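Chemist: Chains as they are written, first to last, in the numbering used here: chain U, 1 to 322; chain W, 1 to 322; chain D, 1 to 336; chain Y, 1 to 336.
Possibly wrong hints are sitting among the right ones.
Claimed, not checked - Label pairs and their computed distance ranges (CB to CB):
| # | chain 1 | residue 1 | chain 2 | residue 2 | range |
| --- | --- | --- | --- | --- | --- |
| 1 | U | T316 | D | L332 | 44 to 52 Å |
| 2 | Y | P202 | D | L332 | 28 to 36 Å |
| 3 | U | A226 | W | E219 | 39 to 47 Å |
| 4 | Y | N176 | U | K304 | 30 to 38 Å |
| 5 | D | D322 | U | A226 | 51 to 59 Å |
| 6 | U | S301 | D | D317 | 38 to 46 Å |
Unchecked claim - Some chain Y residues close to chain U (C-beta under 7 Å, calculated; not the full set):
| # | residue |
| --- | --- |
| 7 | G118 |
| 8 | G133 |
| 9 | A323 |
Treat the hints as calculated values from the structure; they're not laboratory data.
Values in this document were obtained by computation on a predicted structure and should not be read as measured data.
For each residue, glycine too, the CB sits at the ideal point set by N, CA and C.
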Amino acid sequence: MQLAREELLRAYRTMKTIREFEERLHVDFATGEIPGFVHLYAGEEASGVGVMMNLDDRDYIASTHRGHGHCIAKGCDVDGMMAEIYGRTDGLCAGKGGSMHIADLDKGMMGANGIVGGGPPLICGAALANKNLGTGGVAVCFVGDGAFNQGTNAEGMNLAAVWKLPAIFVLENNGYAETTSSSWAIGGGNPVDRAKGFGLPGVSVDGFDFFAVHEAAKEAVERARAGDGPSFIETRLSRYYGHFEGDSQTYRGKDEVKEIRESVDALSQFREKVIGAALLESDDLDSIDGEVAELIDNSVSKAKASPLPTSEDLLTDVYVSY
Amino acid sequence: MQLAREELLRAYRTMKTIREFEERLHVDFATGEIPGFVHLYAGEEASGVGVMMNLDDRDYIASTHRGHGHCIAKGCDVDGMMAEIYGRTDGLCAGKGGSMHIADLDKGMMGANGIVGGGPPLICGAALANKNLGTGGVAVCFVGDGAFNQGTNAEGMNLAAVWKLPAIFVLENNGYAETTSSSWAIGGGNPVDRAKGFGLPGVSVDGFDFFAVHEAAKEAVERARAGDGPSFIETRLSRYYGHFEGDSQTYRGKDEVKEIRESVDALSQFREKVIGAALLESDDLDSIDGEVAELIDNSVSKAKASPLPTSEDLLTDVYVSY
Amino acid sequence: MARKISYQQAINEALDQEMERDETVVIMGEDVAGGLGSPGERDAWGGVLGVTKGLQPKYGDDRVLDTPITESGFIGAAVGAATAGLRPVAELMFIDFMGVCFDQIFNQAAKFRYMFGGKAETPVVIRTMYGAGLRAAAQHSQCLYPVFTHIPGLKVVTPSNPYDAKGLLIQSIRDNDPVIFCEHKFLYTLEGDVPEEPYAIPFGEANITREGDDVTIVTLGRMVHIANEAADNLAKDGVNCEVVDLRTTSPMDTETIIESVENTGRLVVLDEANPRCSIATDVSALVAQEAFGSLKAPIKMVTAPHTPVPFSDALEDMYIPDANQVSDAVRLVMEA
Amino acid sequence: MARKISYQQAINEALDQEMERDETVVIMGEDVAGGLGSPGERDAWGGVLGVTKGLQPKYGDDRVLDTPITESGFIGAAVGAATAGLRPVAELMFIDFMGVCFDQIFNQAAKFRYMFGGKAETPVVIRTMYGAGLRAAAQHSQCLYPVFTHIPGLKVVTPSNPYDAKGLLIQSIRDNDPVIFCEHKFLYTLEGDVPEEPYAIPFGEANITREGDDVTIVTLGRMVHIANEAADNLAKDGVNCEVVDLRTTSPMDTETIIESVENTGRLVVLDEANPRCSIATDVSALVAQEAFGSLKAPIKMVTAPHTPVPFSDALEDMYIPDANQVSDAVRLVMEA
Ligand SMILES: Cc1ncc(C[n+]2csc(CCOP(=O)(O)OP(=O)(O)O)c2C)c(N)n1
Ligand SMILES: Cc1ncc(C[n+]2csc(CCOP(=O)(O)OP(=O)(O)O)c2C)c(N)n1
Ligand SMILES: [Mg+2]
Ligand SMILES: [Mg+2]
């Protein structure tokens, strides 16, 4: 825990913002106000934030369908995200992308992705660009345990290895791809070994533990920045809600989520640790809680007040129009 | 070497047939008589034959662009193959497929493939069919060191592992994918480890040594037939000619092939071993040599005499015609 | 005996009856049952929208195969299994995912019979969900059936109602060629009369959902309903449209199209797909070549614009062709 | 100063000059240099047909990147690099291999700009070899540009001669959108006048290779030469064809097509691709909608048949549209 006070506050604020953002979407989705598919990241905060605390704007990330947490951790504007999810012109993609396609290249956020396994090849390119342009930046790809099996992920890991790219592959193993268990779907059962089979050194860490993730990512990012090539991190964690909103989750264990929330929740754990170690005080965190609640509340109001796109918007931003 | 005399003779005859077939194509291609791309298997005979000696007609194989050897070893008619390569109606595919698409489903030969990495998914299906239909058959996929990196190969290995299929993945590592070294292109550098990362037990064997390949394949086929799931074999070997006919091979080491031909050639090695162990006599093998030379000679004459397909053939065998 | 069931139930019933009839029929796909290896319920989903639910408990794990998320792997496995004696029905969850497994479809499945000189059969069905309307954005809302239609060796099916869905799926399974079976996600809840017993609708036979003498509207899938709606409106103004539901785009029933245009002399093609190299252009070109002499007016195409599918409901509603656009097109060709 | 060089040399020169001009231009692909990790010569191939030879020695390994055989991996990397500040030119050895990497092209590259609300640019070029004629059989001889043309967000380029190859490739590299640059394998050795200095040919401007008043032949790629050959023959019989070389199919120069048909009143479309949902149907439909009033005869399409590409030279020669078929089509529309 060699993080400065400011960094600890930032880590907590970011995790809390993600949690609040997602919990709010969970509630509002039920009212029918939010269009399309929404995949919530709640429960997985320590992973995205633990990794992203090691990055800055020149570093790129490729995200997944479950991308809100990565976006927030990478610095995307929360108002812009909320407006995007509501399909409004103030959205980060002007309402054209939606939850599954939020991107902000200025922040190095190359996009959530509706295609499972879409990210790994892309991130190799971002890493190559950073390498060739000499920015010192790295590139990080997030995949789920389902995506980990995609051929594109294998190809991405191999390419990063043979091109010695400044790339990091993060597997967020939440135990399920939709309803299917990762313990069934990953042949061999050991993602770290598989990554080694592609030439990537790797570790598996407790994904509820911000500090464990942060530490692993720090090492991987340093290795990448030093020009020593790509590496692999598995974060073991859980999603608190269904695969997408509306999923009745009958495939899950009884009280599975309840127990995790009560025992190893990333935010409570962080709170206890930093207070226990007298690094922060309860008040520090409580006031962040209050600020974040207001931030999210405002983002929803702003999103709802933002205008809908018009017929003109339909035809712009495509390379060729007919 | 627990093979019966008949089996040893068959193994030699098959390897010799492949060698002769390919050497003849090499010569005839230079005259301009053979259309299209031709990728020769000469040098790799012990691999295909060592594996195939463990299979029968209910067992399926998926081959590659370098497929002649697999076809012959799996029992495809040599006349039909030669006629196919010449694009004639007596060809195994009536002239519509050519060198890269020779297939004979009755023999369990599911096709050479023009797509690098095309085979691994297909072979999972053939293995599944054998499993579901209770034939006791297995399915074997051959890939090169280049194909080994394809995402489809990763997906195929993973699917075979999680479905516990009676499948065997054979990597024929001849050191090159076109001009590119396999030592550069395979991240991590150890294919057996990579296969383990997908849950496939594997071994790496000397691919010039028929007996080593045969032994490894025997074990893998037995495992598959017993319902114990898929496995992996790497055969390390070399191709005697260019990537395809016409390749000037400047990327290769000086005398690379010459040295292999002189030191570890699969056929000479086999000859020495079986004669040394007094399992066969020189005469046995010499007379096979003579028979094979005649067989190949005849196949070329027959191919050249076979009629060309007609305009009617152009439009048949497609599912829908317009 | 017919009763009212949904498009989704019709598909489930076709699968069930064919699996019952023929042991070699197997289904596979991501979460087609669901819950594999998980602590809770098995058959938890039955596909992402529940279309295959109930089949795994009835036919077991050997015939209802959940898969990892490796579409090249399992779509290719379905293709391979088809050449080796099974009749697999694989589910590609969204047609938009074709990009990660297209090779196995167009270079392998589609070409085996021809490339192997007529000696291979590949009776595989790939069921897949397509179309806009659920605010699923650019990577989950495409049509893409024109891409499959372009490829020789594939049959492409686009049922517009529960009756056709059942009959065409049964035909697809019995057919010895690879079939891309395109289910419009907006139609799953649509109900209609469907006989209980199995029946097969032959490929390449369009369905005239409405007869008329003034203008032919050729269309398919969800757009059939938009065409019918427009035709209803136009009928009030005395314009009689003939609506042709293609049912299958490959093979395509060119005769019915040509006959209808020979009778009406006017053609509007309504296609939800993007406009370039589409079914709209395909049908238009066919008529301009084969029934030119009968045409009294320019052909008019109504399609989605040449853009990805936008997310915002406001934009998506404008993106999808609607009955007003069709009526306008019909009026235009009537006035010409 | 123009001199005669081949189509292949013209492509190499465009790459060379753009790499010289702009440091962010990188090329990547299988064996684009060759010999990586091998004991012998480096830059051993320069691509399977030598098109990129000489660039690696000049620009080094950081800008000429050999790749493993993982098309999704490196085509995707090119796409990602393009959004992150490079201008990659990736080589997809044969267009037929699009099936293993199509997702990265149509769901990623093509959609970023729109999906991200106009905030992304993806200046990637995918050079790829297409077409029949080399006895390369069903998986190495396809056209497939209609598939790319169908997808909004892609630009599709099909040069028919060395001059266009150079100018269109330079434009492709400088363009801020993803471009599929389709090189016909039969044309590599074709020579023609090409200026030494760099120049860019704008997209969406067709080239009239021959003027005429009787019939418009719209075509592209290798077929331009077949059309010109047919036009030469027909001229002897007093039939004057106007031959329109599209140069790019997306964007497509609809104006030139329409103007020409308005003048001639007759249209033949010649396309080497398979017939369904193709450029042939696309151009036909455009004209049947926009220039119907000028048409004096049915439109006629000349295309490959709806089959995979056969291997046998006897069959492949029949498969590829030839000048006689074009002349027959022209005569047919002249007589109508
Ligand atoms: C190529 C592709 N296949 C399938 C899907 C449908 N799909 C979306 S998310 C998902 C599960 C992904 O699981 P995982 O990678 O573990 O991520 P998680 O949802 O657990 O975060 C599936 C199958 C898709 N979007 N793209
Ligand atoms: C998908 C795809 N990519 C590239 C090619 C072109 N190609 C044909 S063979 C080959 C090299 C294959 O190398 P390897 O797998 O080692 O087999 P080998 O030729 O050594 O037997 C390449 C790149 C192809 N046919 N298909
Ligand atoms: Mg997961
Ligand atoms: Mg090799």
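Chemist: Does each hint hold? Answer for all of them.
Modeler: Going down the list of hints, with the structure as the test:
no.	hint	verdict
1	U:T316 <-> D:L332: 44 to 52 Å	violated, 26 Å
2	Y:P202 <-> D:L332: 28 to 36 Å	holds, 32 Å
3	U:A226 <-> W:E219: 39 to 47 Å	holds, 44 Å
4	Y:N176 <-> U:K304: 30 to 38 Å	holds, 35 Å
5	D:D322 <-> U:A226: 51 to 59 Å	holds, 58 Å
6	U:S301 <-> D:D317: 38 to 46 Å	violated, 24 Å
7	G118	holds, 4 Å
8	G133	violated, 29 Å
9	A323	violated, 31 Å
This entry does not satisfy hints 1, 6, 8, 9, going by the numbered hints stated previously.
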